[in-house]
Amino acid sequence: MSIPDYMQCAEDHQTVLVVVQPVGIVPEDEFFRIYKRITSVAQVSIRDSQRNLYIRYRHHYLPENNEWGDFQTHRKVVGLISVTTCGSAKEWPQTSDRFHCQKDVFGATLYDSRLLVFGLQGEIAEQQRTDVAFYPSYDDCPDVEKRVEDFVESIFIVLESKRLDRATDKSGDKIPLLCVPFEKKDFVGLDTDSRHYKKCCQGRMRKHVGDLCLQAGMLQDALVHYHMAVELLRSVNDFLWLGAALEGLCSASVIFHYPGGTAGKASGREPSLARGQGQAADTGKRHRPGAQEVLIDPGALTANGISADTSSEIGRAKNCLGPEDIIEKYKESISYYGKYKNAGVIELEACVKAVRVLAIQKRVMEASEFLQNAVYINLGQLSEEEKIQRYSILSELYHLIGFHRKSAFFKRVAAMQCVAPTIPEPGWRACYKLLLETLPGYSLCLDPKDFSKGSHRGWAAVQVRLLHELVYASRRMGNPGLSVRHLSFLLQTMLDLLSDQEKKEVTQSLENYTSKCPGGMEVLTLPDGLKLPPVPLSKLPIVRSVKLLDLPVSLRPHKQKGLLENNLSSKSPFIYSPIIMHTRGEERTKKIEFRWVQGDVCEVQLMVYNPMPFELRVEHMGLLTSGVEFEALPAALSLPAESGLYPVTLVGVPRTAGNININGYHTSVFGVTSDCLLDGLPSVRTSGCVVEVIPSLPRLQLSTSLPRSAHPLRPSKEELSSSVSVQLFNGETQQLTITLENIGSEDLETLEVTSKTCNTKEKLFGEFLSWDLEEAVSQLPLKPGQSVTLTVNVKVRLDFSGGENLLQDLNDDGISVTGLPISSPLRQVLKPRAETKALGSESSKTDYNHVKTLEAVMTFKYSGGAGKVEGYYRHLSLGVHVDVEPSVFFTRVSTLPATRTRQCHLLLDVFNSTEHELMVSANNNQDLVLHPSECQRPAAGSSRGEPSLYRSMSLVGMNTSHYVLSI
Amino acid sequence: MLTRLKTQVPLFSMNSYTKLGEKLKLSGLSLASTHSHVIRLGRHNSKMAVCIAVIAKENYPLFIRSVPVQNELKFHYTVHTSLDVVEEKISAVGKAMADQRELYLGLLYPTEDYKVYGYVTNSKVKFVIVVDSSNTSLRDNEIRSMFRKLHNSFTDVMCNPFYNPGDTIQSKAFDSIVSAMMVQAS
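Taken in order, these protein sequences are the chains called P and A. Be aware that the first sequence starts at 687, since it is given in this note's numbering, and climbs by one per residue. Be aware that the second sequence starts at 8, since it is given in this note's numbering, and climbs by one per residue.
Relax, there's no trap hidden among the hints.
Here are the simulated lysine to any residue pairs, SDA-like style, with alpha carbons at most 20 Å apart:
#1 K122/A / E1055/P
#2 K64/A / S1129/P
#3 K1225/P / D1365/P
Here are some chain P residues pointing at chain A (derived, C-beta under 7 Å):
#4 V1050
#5 M1051
#6 F1089
#7 R1091
#8 K1092
#9 F1095
#10 G1144
#11 W1145
#12 A1147
#13 V1148
Simulated from the structure, these hints should not be mistaken for lab results. In this text the structure is predicted, and so the values were computed from the model without any measurement. C-beta atoms are modelled at their ideal positions from N, C-alpha and C, and glycine is treated no differently.
Make the full structure from the sequences, and use the hints.
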């Protein structure tokens, strides 16, 4: 006996073994269909008695094992059911012969046999035979179960007669010595008359009767017989059989204590038992109805007419072992078996049975000791397949007692055994399957979502190893898709734990595999139904933050005021509420203030870095969005080794209007494409991912006739799309031509132009900027590609009377203003101001001291298309920067007495600093033409009250004039 | 009876368990070529532990060190599987008397080459010491004192305000205590 039956359990001792085999050519699926129907008859209650007969079916059984049938009767094949196909009457004799041949294989031990013939009709089929049943086809055999039940009953009759035979064998005849195959030669030449030998024979027979009683459903009798056998065999030191007797005792006790069985739910071999388990699992020690009756009515057995040789001196209640005792006896029994090298299989099976019992008793530590022992039992040279089977069963048993890590360990060993180098055809598929089953034991789950929570904690070294093995096995299986998936998982989840060298190796092999089978985001389903979820490589590169960018200033849409208020009021019935409507923490879904426009390129900035020790090439990096049709424009990037944070801008164009949600991003790294969703990446910082996309608006491009300004306007709150600068003399007028071109795809329908002067400190006379919009508006609507021009007059008229410092400078040259009472307070006031001005940076050069700056912003509000309907507009702003220089200087002031005492003449020396001719006009309309660099002295009449030094002058040129004002 | 079970092992099934042992040591780089990677420990110099591990409450390793560095993975497997027994022992004792439970768990299980001992602190941090099974000179008391030393050192590590409980232990002091307990690799 060399091949252990690892599925055995203690209650199998009460079963009778029936072999079901095909004869001749029987289609496999048909055979197993019939086999299944036959095995459904696993328990038959015998008429006229309280007893049940349990049947164990096998479709394959080694005749070699049958030889151990005397040792433990449940190993003996007592029934044979053959299934055969027979097409015609001609074949019948041959079929019949074959059946008899098969009977001979187990011949010595068979109690009865049956032949089920399918397909034969006619004369032969009409014969009524007990041992043969004829059916027209595999589909038309309604009474197979009935037949099998009859068959089992006939077996029971034989069993019962044998039991009675042996049990009542009290005659002085010699009791034959039962022995196991390997013992046979030991007894040659032994003194058969010795007391020792006789006792030996008695003990073994007693044990055998115990087995038969157990099979026949007489549990209490079996216990009694076993007890007696133990006594007898112990006295003669017949250890092997003593072990068997003890085991029999244990089995009977287990059957008594655990009517639900110990096989565990997984086996499900016997449906009736499995059903019983469900009920009995929790109730624990609920007794079997039959057994209970025996306890209550000890006379029941004899009343049935079956006289049993049960020694009444041993109390019935004591016969059964307690749960503790069962284990003790199992240990003893196993230690006896261990003395015999040839009983390895028996020992191993006993261990397995004991473990199952312990698992039910929840005595895990002891069970693990039994298993530990089972690991060391030598069964001689095992075939590779047997080794795999052995490791698998060890794994299963460890799983049964809750040692998941041990279980995983042995499963992995079994997996390795499947592909051992000694095997000519390595079973990579089986290896892979077994490896997958070890995953829970190593607390690995192939769903990357489980890993995204916090830092990884587990047995990294062991897990990495297992993943490598999965990769290798799946590759050898010829499924590179699985390899890619597992490698991606390895990279994604174990990245922090890999060394630089390993990172390189893993990525290299990943690239190799993806060249054959690119990795994607689909769920891989294995043949056995296991699903491998996709693994997005969100760590290659690592994204730290996602920020949606507003459109450039000139393209930002604005909402018409009136409509905005309507919107606000519709949100809530309250004008004001202190309750903040949006919930905190929902930052991702928080809506962003700004808006995007349909048809315009929108940007999202990611801060990424490369954790790998080499350059990382990311291809097809694009945005994943929902809510709006979005055309993502993928980018390719190359990140240097272990780069710092690196900004990457991903762009795309929304094609429809609505709320767009930036869900994540898409990458392709090492041939693996991944969709990384931001929901699954808690480490990514974001200020919100939902933004409103409004319908499309036209786009205007602005160009001017004047050069662009180098320096932007100083204190400007709003950003400008562009600005121009120009230098003018005071009073000069310049024309500015502005060309507006529609570069968008929508018609420009409305255009409004406004202007605003920025620095209002200066006193400004007249209009600074003036234009005529009529002509431009008449050209609307403006089709895409067309342009419109607008002429703006820039006119500067400033009051330079505050620039007295120049005057003062000139005075210091010796030009006297003495005797002028109005001048002196002026000087006193102005002097300190000149000093403070000198501190300012702009006045560091005295040349520019007198230059004044005038700034204004022109705003072009425009709208059109669908966006206009929704009430949106865009605006362009143009900054106009004008440096104004004074065109004339009053270099000297003096007075002349006038003819009347209440009047005087004020003499002004006017200097034209321009290169042009200019006209100076005073309030008395005395025009004065000044030529460039000419100095004249006009006399201006002035009244004593308020001297108006300066009214309106048209200045053309640079010269100095004397101007006499009469006061 | 129990001792009988154990002593029977080397007498009876030497052949099979060395075979099994080979399987258990599979740990090379490629699946197929692992058999040549079996590394046998030198049995001459084995006064102390060959592997020491500290395992967090949640059963992941905080610290693991073994002497033959080349075959560290094998010890990872050994210690990992021993956790089954540790958990079982803790839960079994926990039911009986939670307060007066002894920290020392004793022999967890013997493998063909090693004996695995366990110890668990009140905060459920586990210490595992693996010694060579040929090492008969090591008494139970010595193992106990090794664990006690380890526990003291671990307490020191926990007292470090810069140590974040749950992180892997990188303390030099702890390292040197462990090194002192280990067999010096020759």
